[in-house]
Amino acid sequence: QKEVEQDPGPLSVPEGAIVSLNCTYSNSAFQYFMWYRQYSRKGPELLMYTYSSGNKEDGRFTAQVDKSSKYISLFIRDSQPSDSATYLCAMRENTDKLIFGTGTRLQVFP
Amino acid sequence: DSGVTQTPKHLITATGQRVTLRCSPRSGDLSVYWYQQSLDQGLQFLIQYYNGEERAKGNILERFSAQQFPDLHSELNLSSLELGDSALYFCASSVDAGTGADTQYFGPGTRLTVL
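For the record, the sequence lines run as chains A and B.
Heads up, the first sequence is in the working numbering, so the first residue is 169 and it goes up one at a time.
Heads up, the second sequence is in the working numbering, so the first residue is -9 and it goes up one at a time.
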């Protein structure tokens, strides 16, 4: 079993929809949780960063962490075609080694 | 643009050969990380250097090695290349090592194709 599980998708939604992306994990020592966005043939770009449990909002993006369930989510409101990308969750203990999910491919069509 | 630069963008080589990938971190960042991204394995952490010293090792093969130079740029050396080494190789950098709020910024990657 992988330390971090992420549904690979693809997820296809119409413009304006609310998108929910999720990851589950098995290591209870993870404390820092991130979401990266990766466009085709580009490097991952940091979207959201959360420490421990709770919610964090940034514009159209909301990250949620539920450590009791070992479950993290990223919500995208009013999705746009420019949001079409692969979304990677990543997490780590109190060290620098990031463990990534395999990524969910999102397609937002006009 | 993350501020992390990687060269070359693309590399095509043959099995058994050796290649060197180069990374320049963001200005002020002391840590450099190397990752391999393949279709079946996703993003895998290979190795981390902090201010010239190896700090952490992940799933790095013995045929692979890395170093960080005094000017903080880093090189990843891949030798005795196999078809399965074909992948995207990313470098990331961060300000510090071991601090909770530290975040990693990724370069554009080097696409390696082994024929």
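Think of the hints as simulated: they come from the structure by calculation, not from any bench.
These numbers come from a predicted model, not from an experiment.
Where is the CB? At the ideal position from N, CA and C, for every residue including glycine.
Fair warning: there could be bad hints in the mix.
Residues from chain A shown here face chain B by an in silico Cβ test under 7 Å; the list is partial [what the hints assert, rightly or not]:
id, residue
1, P178
2, L215
3, Y217
4, G222
5, E261
6, F268
7, T270
8, R273
Distance condition first, Cα-Cα at most 27 Å in a straight line; then the derived DSSO-like pairs of lysine-lysine [stated by the list, open to error]:
id, chain 1, residue 1, chain 2, residue 2
9, A, K265, B, K(-1)
10, A, K235, B, K(-1)
11, A, K265, B, K47
12, A, K265, A, K235
We went through each hint and held it up to the structure:
1. P178: 14 Å, violated
2. L215: The hint is violated - L215 (chain A) has no Cβ within 7 Å of chain B, the shortest such distance being about 11 Å.
3. Y217: Where the cut-off is 7 Å and the nearest Cβ of chain B is about 6 Å from Y217 (chain A), the hint holds.
4. G222: 15 Å, violated
5. E261: The hint is violated - E261 (chain A) has no Cβ within 7 Å of chain B, the shortest such distance being about 10 Å.
6. F268: With Cβ-Cβ at 4 Å, under 7 Å, it holds.
7. T270: The hint holds - T270 (chain A) has a Cβ within 7 Å of chain B, the shortest such distance being about 4 Å.
8. R273: 12 Å, violated
9. A:K265 x B:K(-1): 25 Å, holds
10. A:K235 x B:K(-1): 39 Å, violated
11. A:K265 x B:K47: OK: K265 (chain A) and K47 (chain B) at ~9 Å, within 27 Å.
12. A:K265 x A:K235: 19 Å, holds
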